[in-house]
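Residue strings, one per chain:
Number of protein chains: 2
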Amino acid sequence: MKKTTNKVFIATSLDGYIADQNGSIAWLDTIPEINTIDTGYNSFTESIDALLMGKSTFETLCGFDIEWPYTKPVFVLSNTLKQGDLKFGDKVKVVSGTIAKVLALIHAKGHHHLYIDGGQVIQSFLKEDLIDEMIITVIPILLGGGTALFSSLDKPMEFECTKTIHFLEAIVQNHYKRSRKK
Amino acid sequence: MKKTTNKVFIATSLDGYIADQNGSIAWLDTIPEINTIDTGYNSFTESIDALLMGKSTFETLCGFDIEWPYTKPVFVLSNTLKQGDLKFGDKVKVVSGTIAKVLALIHAKGHHHLYIDGGQVIQSFLKEDLIDEMIITVIPILLGGGTALFSSLDKPMEFECTKTIHFLEAIVQNHYKRSRKK
Numbered sequence: 002m003k004k005t006t007n008k009v010f011i012a013t014s015l016d017g018y019i020a021d022q023n024g025s026i027a028w029l030d031t032i033p034e035i036n037t038i039d040t041g042y043n044s045f046t047e048s049i050d051a052l053l054m055g056k057s058t059f060e061t062l063c064g065f066d067i068e069w070p071y072t073k074p075v076f077v078l079s080n081t082l083k084q085g086d087l088k089f090g091d092k093v094k095v096v097s098g099t100i101a102k103v104l105a106l107i108h109a110k111g112h113h114h115l116y117i118d119g120g121q122v123i124q125s126f127l128k129e130d131l132i133d134e135m136i137i138t139v140i141p142i143l144l145g146g147g148t149a150l151f152s153s154l155d156k157p158m159e160f161e162c163t164k165t166i167h168f169l170e171a172i173v174q175n176h177y178k179r180s181r182k183k
Numbered sequence: 002m003k004k005t006t007n008k009v010f011i012a013t014s015l016d017g018y019i020a021d022q023n024g025s026i027a028w029l030d031t032i033p034e035i036n037t038i039d040t041g042y043n044s045f046t047e048s049i050d051a052l053l054m055g056k057s058t059f060e061t062l063c064g065f066d067i068e069w070p071y072t073k074p075v076f077v078l079s080n081t082l083k084q085g086d087l088k089f090g091d092k093v094k095v096v097s098g099t100i101a102k103v104l105a106l107i108h109a110k111g112h113h114h115l116y117i118d119g120g121q122v123i124q125s126f127l128k129e130d131l132i133d134e135m136i137i138t139v140i141p142i143l144l145g146g147g148t149a150l151f152s153s154l155d156k157p158m159e160f161e162c163t164k165t166i167h168f169l170e171a172i173v174q175n176h177y178k179r180s181r182k183k
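Chains as they are written, first to last, in my numbering: chain A, 2 to 183; chain B, 2 to 183.
Please keep in mind that the hints were generated in silico from the structure rather than gathered at the bench. Keep in mind that a hint or two might mislead.
A pair holds if it fits inside one copy or across any two, identical chains being indistinguishable in the list.
Derived SDA-like pairs (lysine to any residue); straight-line CA-CA distance at most 20 Å [stated by the list, open to error]:
#1 K92 <-> I32
#2 K73 <-> G146
#3 K164 <-> I35
#4 K178 <-> V96
#5 K156 <-> I26
#6 K102 <-> F89
#7 K156 <-> A27
#8 K4 <-> G24
#9 K8 <-> G145
#10 K164 <-> I136
#11 K182 <-> D39
#12 K178 <-> I136
Put together the whole structure using the sequences plus the hints.
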C-alpha cells in the first residue's frame, strides 16, 4: 500500500485557539510583519497532493472577497453541503461519510499526502490517530477563550518537535511529527 | 518605585495542560533525556528573589519524598492553610488575601522579582495582567484533557516570543515577554 500522510499547517494563539470568542481570526495580524516573510506555507503546500477541509473553514473562505487561493485539489468534508449550491462549486468536491470512507475515496484519486484543515476535522482525525505531522505557528497573544485547536482524546499521543523556527524575534513555529514507536 | 517582575517557568503538554486528567505529571518524563540537560531552570532561579506558589503546587511538592528543593524564600498563597501545621513549615510563609496585598507584603520584604508557580496562581495573576515573562517548555504530547495552564481572560493580552530553544530535537522551550506598548 502506498504511504499516505495527513498534515496540519495552522496558526494558534499562545493559549491554543484558532479563532477568538467571536469566531474572528483578526488577531492573526497581531504582528502584521508576519505577512511579509516566508513562513513556509508555499513549501508546505508543495509537499501535499490535496486539501481536506471542514465545512466551517470552507464557509469562512467563501466569506472572504478573494480569488480561489488553492492550486491543489480541495475536498470539503460535510454531510449537509450540496455540491450544486456552492460558491467555488467548480473548485471543490464535497465528500461525506466516515473519515475512513473519505480517505479511501481521496486516496483512490491518487492523492496520498493531504493537508487537513479546520478545527473540527483536525480534531476528528486526531481522535482516530490519523495526523502524522503538524506545523503550528504560535501567535504570541493570549485570547482567553475561543475555538480550541485541540480537544479531548481517548489516550495521550506522543509527537516529536523536529524543528522550531523563530520569526521576527516574536513568533515561533513548531514542527511536530507523530511518534508511534512504542 | 522599584521595578518588579513576575515570571513563570513551567512545562505544558502540546495541548496546554500542566497536569493530566488524573492530576499526574508523569508525562513530563515522555522524553526522559530532558532530565539530563540544562533547560535553564538554574539560570532562571538565579534571576528571581522569591517564589510564590499556590496551595495545590505546595501540596504536590509535600507529597514527594524529597529534601526541600529551593534556596530562595518561598511564599504559599492560601486562605486556608495554617502556618503551624505545615510540612516544611519552617521553609515557607503562608500568605493570604488579594494579590495586591500579597505582592505588597512580598515587595516590602525586599523581594521584587518573583517566580509565580501553580496553575491557579498563574491564572489569577494573568487575569490582573501581572505576568511579565513566561518560559514555557512544551512536552510534545497531546494529553487530551487535564488541568490547563491558561483560562479565561477579560481581554486579549499580547506577548513577544523573545527566544526559542530546541532541546534534543524533540522539545521546544519558548520565552515570552508581555508586550504592553499599545
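Structure-based check of each hint:
In this assembly of identical chains, K92 and I32 lie within 20 Å of each other by CA distance neither inside one copy nor across copies; the values are 32 Å within and 44 Å between. Proximity of K73 to G146 under the C-alpha cut-off of 20 Å is found in neither arrangement, the shortest distances being 33 Å within a copy and 35 Å between copies. In this assembly of identical chains, K164 and I35 lie within 20 Å of each other by CA distance both inside one copy and across copies; the values are 19 Å within and 16 Å between. Neither within a single protomer nor between protomers do K178 and V96 lie at most 20 Å apart by alpha-carbon distance, with minima of 27 Å and 44 Å respectively.
With identical chains, the CA atoms of K156 and I26 are at most 20 Å apart between copies only, with a shortest distance of 15 Å across copies and 30 Å within one. Neither within a single protomer nor between protomers do K102 and F89 lie at most 20 Å apart by alpha-carbon distance, with minima of 24 Å and 59 Å respectively. Taking identical chains as interchangeable, the C-alpha atoms of K156 and A27 lie at most 20 Å apart only when they sit on different chains, with a minimum of 14 Å there against 33 Å within one chain. For the identical chains of this complex, K4 and G24 are neighbours neither inside a copy (36 Å) nor across copies (38 Å), given an alpha-carbon limit of 20 Å.
Taking the shortest alpha-carbon separations for K8 and G145, only the inter-copy value of 19 Å comes in at or below 20 Å, while the best intra-copy value is 27 Å. In this assembly of identical chains, the alpha carbons of K164 and I136 lie at most 20 Å apart whether taken from the same copy (9 Å) or from different copies (18 Å). In this assembly of identical chains, the alpha carbons of K182 and D39 never lie at most 20 Å apart, being 33 Å within a copy and 26 Å across copies at closest. Taking the closest pair of Cα atoms, K178 and I136 come within 20 Å of each other only inside a single copy of the chain (9 Å); across copies the shortest separation is 23 Å, beyond that limit.
Going through the hint list in order, the structure does not satisfy hints 1, 2, 4, 6, 8, 11.
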